[in-house]
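Kindly generate the complete structure, drawing on both the sequences and the hints.
4 protein chains.
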Amino acid sequence: MKVRVGINGYGTIGKRVACAVAAQDDMELIGVTKTRPSYEARLASAEGHPLYVAQQEQAAAFEKDGLKVEGTLEDLLSRVDIIVDATPGGVGEIYKDLYEKAGVKAIFQGGEEHGLAGVSFNAYANYKEAWGAKFARVVSCNTTGLVRTLFPLDKIIGIEKVSATIVRRGADPGDSKGSALNSLEPSLKLPTHHGPDVQTIMPWIGITTMAVKTPTTLMHMHCIIADLKKETKERDVLDVWNNVPRVRMVSGKHGIRGTANIMDYAKDLNRKRGDFMEIAVWQDGVRVVGNTLYYYQAVHQESDVVPENIDCIRAMMKLEPDAMRSIQKTDKSLGIGK
Amino acid sequence: MKVRVGINGYGTIGKRVACAVAAQDDMELIGVTKTRPSYEARLASAEGHPLYVAQQEQAAAFEKDGLKVEGTLEDLLSRVDIIVDATPGGVGEIYKDLYEKAGVKAIFQGGEEHGLAGVSFNAYANYKEAWGAKFARVVSCNTTGLVRTLFPLDKIIGIEKVSATIVRRGADPGDSKGSALNSLEPSLKLPTHHGPDVQTIMPWIGITTMAVKTPTTLMHMHCIIADLKKETKERDVLDVWNNVPRVRMVSGKHGIRGTANIMDYAKDLNRKRGDFMEIAVWQDGVRVVGNTLYYYQAVHQESDVVPENIDCIRAMMKLEPDAMRSIQKTDKSLGIGK
Amino acid sequence: MKVRVGINGYGTIGKRVACAVAAQDDMELIGVTKTRPSYEARLASAEGHPLYVAQQEQAAAFEKDGLKVEGTLEDLLSRVDIIVDATPGGVGEIYKDLYEKAGVKAIFQGGEEHGLAGVSFNAYANYKEAWGAKFARVVSCNTTGLVRTLFPLDKIIGIEKVSATIVRRGADPGDSKGSALNSLEPSLKLPTHHGPDVQTIMPWIGITTMAVKTPTTLMHMHCIIADLKKETKERDVLDVWNNVPRVRMVSGKHGIRGTANIMDYAKDLNRKRGDFMEIAVWQDGVRVVGNTLYYYQAVHQESDVVPENIDCIRAMMKLEPDAMRSIQKTDKSLGIGK
Amino acid sequence: MKVRVGINGYGTIGKRVACAVAAQDDMELIGVTKTRPSYEARLASAEGHPLYVAQQEQAAAFEKDGLKVEGTLEDLLSRVDIIVDATPGGVGEIYKDLYEKAGVKAIFQGGEEHGLAGVSFNAYANYKEAWGAKFARVVSCNTTGLVRTLFPLDKIIGIEKVSATIVRRGADPGDSKGSALNSLEPSLKLPTHHGPDVQTIMPWIGITTMAVKTPTTLMHMHCIIADLKKETKERDVLDVWNNVPRVRMVSGKHGIRGTANIMDYAKDLNRKRGDFMEIAVWQDGVRVVGNTLYYYQAVHQESDVVPENIDCIRAMMKLEPDAMRSIQKTDKSLGIGK
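Protein chains in written order, with our numbering: chain A, 649 to 986; chain B, 649 to 986; chain S, 649 to 986; chain D, 649 to 986.
Think of the hints as simulated: they come from the structure by calculation, not from any bench.
One or more hints might be untrue.
Each pair may be met inside one copy or between any two copies, as identical chains are not told apart.
Cross-link-like lysine to aspartate or glutamate pairs, in silico, EDC-like; alpha carbons within 16 Å at most [what the hints assert, rightly or not]:
hint, residue 1, residue 2
1, Lys-716, Glu-695
2, Lys-901, Asp-713
3, Lys-809, Asp-875
4, Lys-803, Asp-820
5, Lys-966, Glu-882
6, Lys-782, Glu-741
7, Lys-920, Asp-979
8, Lys-837, Glu-882
9, Lys-782, Asp-745
10, Lys-749, Asp-723
11, Lys-837, Asp-932
12, Lys-809, Asp-932
Everything numeric in this text was worked out from a predicted model, so none of it was measured.
Shown next as structure tokens:
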């Protein structure tokens, strides 16, 4: 029998997780919640995702626009085994009691505090920690990106300590709030929260981070400096990443000069929404000097956590005991591959 | 027997036309040319599109990168009935003799002069003019956009004259030349070429245009003022566009505030590369005051001409005598629809 | 005796008007209000502008930062003859009663409704309408720009009707709210408010406007199409503008390709803050076809209304009966000139 | 007698150095060279800077535009003691022989190689190295920025090693070449040239750098991590910078959130062209954890090297033996100060 999944919040992350759940043979998408009859609500409907409203009083606006509403969030909770909370950052906390009362498991996103769920999740790094858990939290896009390359590097070569500068995109493509239009804005509270967030998954790692916001919309860029535990060749580092899932090499020599080219490339790859769910590492931007490794990676903030949510469902619902088997199943269903 | 099609130039337009040709049941994609083994060449290869080089001496670089080359442009020309020239603007002119010598028909893009082909093409407006033609030219993205909404408006309601301001995207998403980063740049040669270019298809129409370049990458925006031949209601204008192909209404009320939202919406529609091949008209931005109609439309410069190229092949190769039947066949194959 | 002037609100417009008032020999800047001890408050202090707070309870924060506060807005009102309200759009309305109660005249900015003041002001077009007025409103940056070129054109050549597309900057340089980062956003409510606002000064003119917001910060760009009452040569149009104040020709041939170049040019002119208070018209972008005139102009949204505020004070305070003499006095003091 | 100075190249740097030379009481600006009669040439003329052309044949175009030409570069060289080469990067090398032949000293900019001049210059760090030199090179904007904060830090507290990520502006404000419009582009050649360039002035320092280009125009942002030789308090670090020239603290608490706010602030400071010639360090973005110091600084690429050029002239011409006295004299003349 398939696991019944609901999605609370059908925005940038929610709509992607919904499609990903619908693509799994061991899961069934029962419904998604939406608060307004926006074009995204219409698309949910067109995709065949049953629509629920957060509050009963929102239903009228949907019906006026000819969109069928299946019930409220409470109705949805009564019909699912697990809910993926994809509400805006900090809102998930408010819903936790409701999920608990309804007796459903819940996955929160990286906008919530680690403490809310108790388990912070990355499929390759700590799949087992979410095994059978009632609550878990899939870490943010940036943390997912850092863990994807640092965890295997630490496991195989060994990391002494890490410094990373996060050159952030200012807003998502369709977001009209934006950042300043022609400005570079530093995150003044130092070190930024990204380092401690990596430590929710790799508590032993020494890592400090800085961050600057830029007026772009496509991807975050990480400039990473890692002091390794031993002398290493660039080739060895590339070997590590070539053998782990969800890390993909790109090359300036082949015309991938920046984040815009990666997004163009992703469109050509013909995946749903043109998403690039892997972390993109520039192979000609990897350099080792002595024990110190320098590299650049780009993170598609809209999608890299999507496959992690799927694996997290599998771990929490005890669908597949082997992490790599879950990862491979997810990746195959979403068209992710080397 | 299927018409054998080649593509000369596998860039923004060429790669899209190649995929569109491959999706037709009355056409066969024989091959595409590429000058360098870039990531796009790799994708052509991965998509199963046979690779040719423009010049023999380019082949070595491809082979060094493990990419199979089927021959030169001349070899490709000897194997096709028709070639789609998708080389950069002004370059098509150089190749015309070669196409003629090889005895293949050729479609040029809007970057070439009207005189080069003698026929300028828009499927809905003048399909028959390309019937059996040796050469034709699919007009540019902006001209295609203007003709798509103005031609039916003129046919059904009647247009006295048109003024349009083209608010241009500065560069394509993956293009690193770009325009000035934080500047608005007017096209000082007035009126701009867009008006006369519309007249290559609608020679009777009075139209003048201005243009401003902006530092964005997604779509062009047209601000159009049309003096109509009679008093009209907004509803009547919307009716016209609701009944013609490749025009699609969008709405600010549903959250489509600008070009970034259209591109997000297109991704959700799950089309190849997230392309939006229709012209997007804001239905809540259509206004008639007296005899004067005001409206905004957005043009996806990377893709709106793609279905026109397919129909143009059908007209030149006499595959389908009825314009609307060709259009519908093309649109169905590409997932375009109301 | 000098007219005593206060400024309520020391932001983008307020700080510029304050400096301009301080540069006049017939005015005295009594003080400016500020709500927070920001870097702009420090600069006011450094410039020698006495600081007042809007509310008494705000004073503590200033004093904590070592900034001397001279009193509250009410104290300021008791010490001035006229107040320039440079508070955010719509806020001036709230203060009107307070100004009236204090018996001081007040100038509002273009963010307020015409009805609030009863008189909408442009120095060249209708100086006399503000003569001795209790309240007046200096129209917005865009309206000021349109009136500066259209009013003399209508007076000397005659205008039948005007269509204008306003290609807007998305936010001011230091503003972090911004517009969408990589999007073009149309103003869907048509015609936009710009046309009716021009009519508060030129009620006889037929004008309709459209507008598109772009992710730039420097200047607005106007694309204007004017049907003239008679056939005219481009030279005659240029003559008109060469003989009116606060319109300045720029040229693509001399390297002024867009708004960024104008701003660079303004810096080189060595004016306070690098402001460009004139309307910039591209002389090589002026074109007449038959009776129709096309032209591009750029508007520095931060500063073009500044000299208008000075002249408005002079008219309301009956300091100078002749408009042109006031304009010339103002322009000389601010370094504006042909 | 005043030192006679010429400027070869009147672009972004050249025009600023010209004004700075003209503001010194121990120097005389003999002339500047320009290749085209652009608006900048007009301004040079309006500022009273005598105009020379690089090649005789360029003179006609100037005269046609009514601009007086005083002679060629060779004529200029025959009239000066020292020439500041502000030609585009890599071009200075071509001119060196000409300068040598004419027997004039020459200052090159950071776009040239260290080896061309033999001496790389920063006024505070190594004024004496340029004493009486025939050739010297003022290091680039970014290197100047790094040396300004690192040199005193190393001298007073001691630096073990430095890692810096340079978040670069993509193009200057008036530059229309630009970088990609909506992309982040890493410098793949690692470590970038910035580190070795710092070592031309501080050869003993261990420093490695990475860089990312962003679509902004205003300033570069440096994210710096310095391992210090001893435990230090943030207050001690701020003390170091508060006591050296050309470093200025800014504060997010006072509303300076990013580079756009610094540029706004600079305009308010009422300096020539709104330039910010100091390095801006965020005082609330300075953090020490153990022995490791983190800080952000912003560099105004158009102007930070301007005062360095003035001091370099003084050292090479033996006008002032004391570095600090030269720096103070320069800063006073340009309005730079704490």
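Enumerated hints in conflict with the structure, sorted upward = Per hint list: 4, 5 and 12 violated.
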